[in-house]
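S.K.: In order, the protein sequences belong to chains U and X.
Residue numbers are given in full-length UniProt numbering: position 267 of the first sequence equals residue 267, and the series is strictly consecutive.
Residue numbers are given in full-length UniProt numbering: position 12 of the second sequence equals residue 12, and the series is strictly consecutive.
Among the hints, erroneous ones may be present.
In this list, chains with the same sequence are indistinguishable; a pair is considered to hold if it fits within one copy or across any two.
[Claimed, not checked] Heads up, simulated DSS-like pairs for lysine-lysine below, C-alpha to C-alpha not over 30 Å straight-line:
#1 313 to 193
#2 193 to 22
#3 288 to 313
#4 288 to 193
#5 22 to 288
#6 313 to 22
No lab work stands behind these hints, which were simulated from the structure alone.
Protein chains: 2
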Amino acid sequence: MDDLSPAAQRNHHDAALRDRAKRVIPGGLWGHLNAANLPAGYPQYFARAEGCRLWDVDGREFVDFMCSWGPVVLGHHNPAVEEAVQRQAAQGDCMNGPGPVLVELAETLVDTVPHADWCLFSKNGTDATTTCVTLARAGTGRRKVLVARGSYHGAVPWCSPSIAGVTAEDRAHLITYDYNDTASVEAAAEQAKGDLAAIIVTAFRHDMARALELPDPAFAQALRAICDREGAALILDDVRAGFRLHLGGSWEILGVRPDLAAYSKAIANGHALSAVTGVERFREAATKVFTTGSFWCAAAPMAAAVATLSELKRIDGPAHMRAMGERLRAGFDALAARHGVAIRQSGPAQMPLMLFEGDEEFRFGNAFCSAALEAGAYFHPRHNMFLSCAHGEADIDRALQAADAGFAAVARLG
Amino acid sequence: MDDLSPAAQRNHHDAALRDRAKRVIPGGLWGHLNAANLPAGYPQYFARAEGCRLWDVDGREFVDFMCSWGPVVLGHHNPAVEEAVQRQAAQGDCMNGPGPVLVELAETLVDTVPHADWCLFSKNGTDATTTCVTLARAGTGRRKVLVARGSYHGAVPWCSPSIAGVTAEDRAHLITYDYNDTASVEAAAEQAKGDLAAIIVTAFRHDMARALELPDPAFAQALRAICDREGAALILDDVRAGFRLHLGGSWEILGVRPDLAAYSKAIANGHALSAVTGVERFREAATKVFTTGSFWCAAAPMAAAVATLSELKRIDGPAHMRAMGERLRAGFDALAARHGVAIRQSGPAQMPLMLFEGDEEFRFGNAFCSAALEAGAYFHPRHNMFLSCAHGEADIDRALQAADAGFAAVARLG
């Protein structure tokens with residue numbers, strides 16, 4: 001730690017932790033929260049969180065627009081959720097079977113998600129997507145699964161964005177199509193003819209580092225029709241978007257219902273839980289596939305989920321997050337215009353992305369984010385961001401002040 | 001609910017929950033905690049847990065010998081663990097990166113586990129075993145993995161005990177051997193020649209519904225030698241046994257150290273966490289394999305793990321659990337002799353199994369367990385059980401009174 005520049009001094013607790021971590025954790029951190037992938041100045045370690053605010057270990061405060069990359073949907077330390085968790089934990093959490101809260105949660109989910117005749121619970125989004133694929137195969141007796149090129153469905157060999165340690169066989173029965181391109185799905189279905197178990201699709205196209213794309217309603221309807229025609233399962237991977245866009249599932253607004261859906265992220269406001277919902281046809285398959293984990297019946301995260309879903313309904317969380325996302329988006333547009341910078345905003349307002357035009361190397365995006373971070377807002381240059389119900393107008397306006405500094409930095413780069 | 005027999009009345013809250021669950025959860029419950037697999041009278045739903053005691057939703061109290069099938073190693077509501085969790089949760093849990101507690105935990109684990117040069121964390125035991133296999137492939141550039149016939153390594157297609165929804169390709173590069181049979185490993189390694197990525201092995205042979213087998217030291221040494229000779233990774237699946245038998249890893253007592261190890265279950269006393277530890281050679285591979293999950297950086301379960309490992313060291317948890325397991329085992333032997341019933345006890349004392357001789361259909365085991373349950377002890381007829389540090393002599397003696405009723409029931413079946 002010989003770098004005594006002002007920036008380094010501001011981050012010295014973070015830097016010291018990174019130095020220690022480097023010795024005992026490969027690359028300093030695994031996975032998507034590795035700050036090495038973020039612009040200069042981003043902290044790796046956090047000391048505190050409350051509502052839509054985060055504090056790093058050096059005491060810097062940020063208005064947070066990542067929400068732990070999705071899980072935090074009501075805001076950190078939501079009182080209704082934390083009270084429910086503590087009440088359940090005081091009774092029992094990880095026991096020899098579930099608590100009654102499992103039944104309450106399952107009934108709530110089946111009541112909330114129109115396509116759901118049943119559900120089951122796990123811990124990771126990847127658990128849920130993997131279970132959906134396995135259930136589809138078990139239920140249809142077929143093997144082929146159509147996957148959109150570039151879509152993220154989890155971090156195990158069948159779907160990982162990295163091919164390190166992956167064998168060809170791990171993906172032997174996947175056939176790719178292009179999101180929002182019905183002809184490519186038809187071609188893939190033709191290739192799978194007679195052996196098509198499922199089409200899996202994300203709620204919208206949220207591939208890293210490119211503009212987000214909402215699903216074309218005709219595309220969504222075509223997927224449903226192809227699955228119906230071929231007897232395959234339509235799997236909606238709603239892990240990232242679920243309960244932020246619509247409480248009944250993100251494709252309710254399109255009027256297209258899946259056979260199986262995977263949820264996680266926002267389901268329990270940051271407590272570890274994921275879920276699979278399914279239609280009657282796949283119920284029997286779900287009794288045959290063996291899917292389980294040591295902590296999957298833990299009662300406290302289920303209590304968190306019941307409270308989270310109840311709060312989201314009570315306050316119409318998706319509408320609030322949409323309004324706040326639209327306020328942020330309008331603010332970005334106004335600031336960009338004022339600074340003479342060309343931006344492109346995409347995605348649902350609750351999960352927005354702002355890219356700079358012609359910014360293939362993310363030089364502008366990184367400069368924007370670094371300057372905005374310095375001024376108190378935690379944005380992301382390449383990945384969709386996340387609003388929460390704890391974001392109020394004053395928080396958005398505070399963040400837009402920080403964004404002003406970001407746009408100024410971009411304008412200076414010119 | 002028309003069954004008004006005394007047994008049904010005693011379980012009527014449980015029965016009502018099961019009825020409701022049947023509608024919204026396939027088969028009533030997924031996975032290993034499904035009480036449908038247990039003898040008559042076992043509850044599915046639990047209301048409360050404290051130390052080594054569990055209460056079902058009908059108010060029945062049990063001395064617990066399953067400990068949630070392993071996670072609960074210090075006892076439910078261990079004050080040191082719960083205080084650490086609450087302290088961390090009050091600050092922040094699921095944030096945009098880990099808390100400093102990640103570094104503390106990683107350093108603790110690397111200090112505690114002699115083979116570990118580094119570690120990373122996830123949620124499920126299956127996450128950890130899958131990551132080990134993927135890392136071994138990434139690090140060696142090879143594909144074949146030797147797996148013991150019948151060993152349990154998780155619940156996803158490559159390793160699930162069910163084949164529903166599994167394709168041949170999911171297991172294309174697995175070659176089986178027999179536990180404790182070095183010749184079978186040599187033959188499997190020969191079959192994999194030039195393409196051997198790893199041998200994966202459980203800490204002891206704990207296949208369901210048969211006597212447990214401790215690893216023959218010569219077998220363990222042979223696995224190490226074969227991996228060294230072939231340049232493959234020795235993966236110890238210590239998910240079930242880790243931190244109950246030895247804090248440094250379950251094969252420390254054999255003097256055999258793995259290249260990669262998977263931990264979960266007991267690591268955080270019931271809070272959702274798993275870990276991979278590895279040697280230097282696989283550090284770079286661990287930066288290339290993409291393994292992540294929405295809740296993997298959550299700070300509260302890491303605080304639980306730091307506190308759990310610290311408590312286990314402070315009180316020498318493995319020694320205490322061994323002593324209590326031996327007391328239970330001696331009591332079983334004495335009672336069996338008194339009732340003129342032939343039993344076979346196996347496994348490490350901390351994770352014991354008692355089977356009845358000639359009881360292929362588990363008629364005796366089920367009768368024993370049902371009667372003991374009725375008398376206040378929660379045993380398992382076919383799966384290894386788990387002691388915790390919360391079991392004291394009085395608890396074991398109380399459970400042996402219940403076991404007396406169990407042996408009497410078996411003697412009556414005669």
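S.K.: Each hint should be assessed against the structure and marked as holding or not.
M.R.: Results for each hint:
1. 313 to 193: Neither. Shortest intra-copy (42 Å) and inter-copy (58 Å) distances fail the 30 Å Cα cut-off.
2. 193 to 22: neither (49 Å within a copy, 35 Å between copies)
3. 288 to 313: Result: close neither inside a copy nor across copies, 33 Å intra and 41 Å inter.
4. 288 to 193: within (25 Å within a copy, 35 Å between copies)
5. 22 to 288: So residue 22 and residue 288 pass the 30 Å test across copies only (15 Å; inside, 43 Å).
6. 313 to 22: Classified as between; 25 Å across copies, 43 Å inside a copy.
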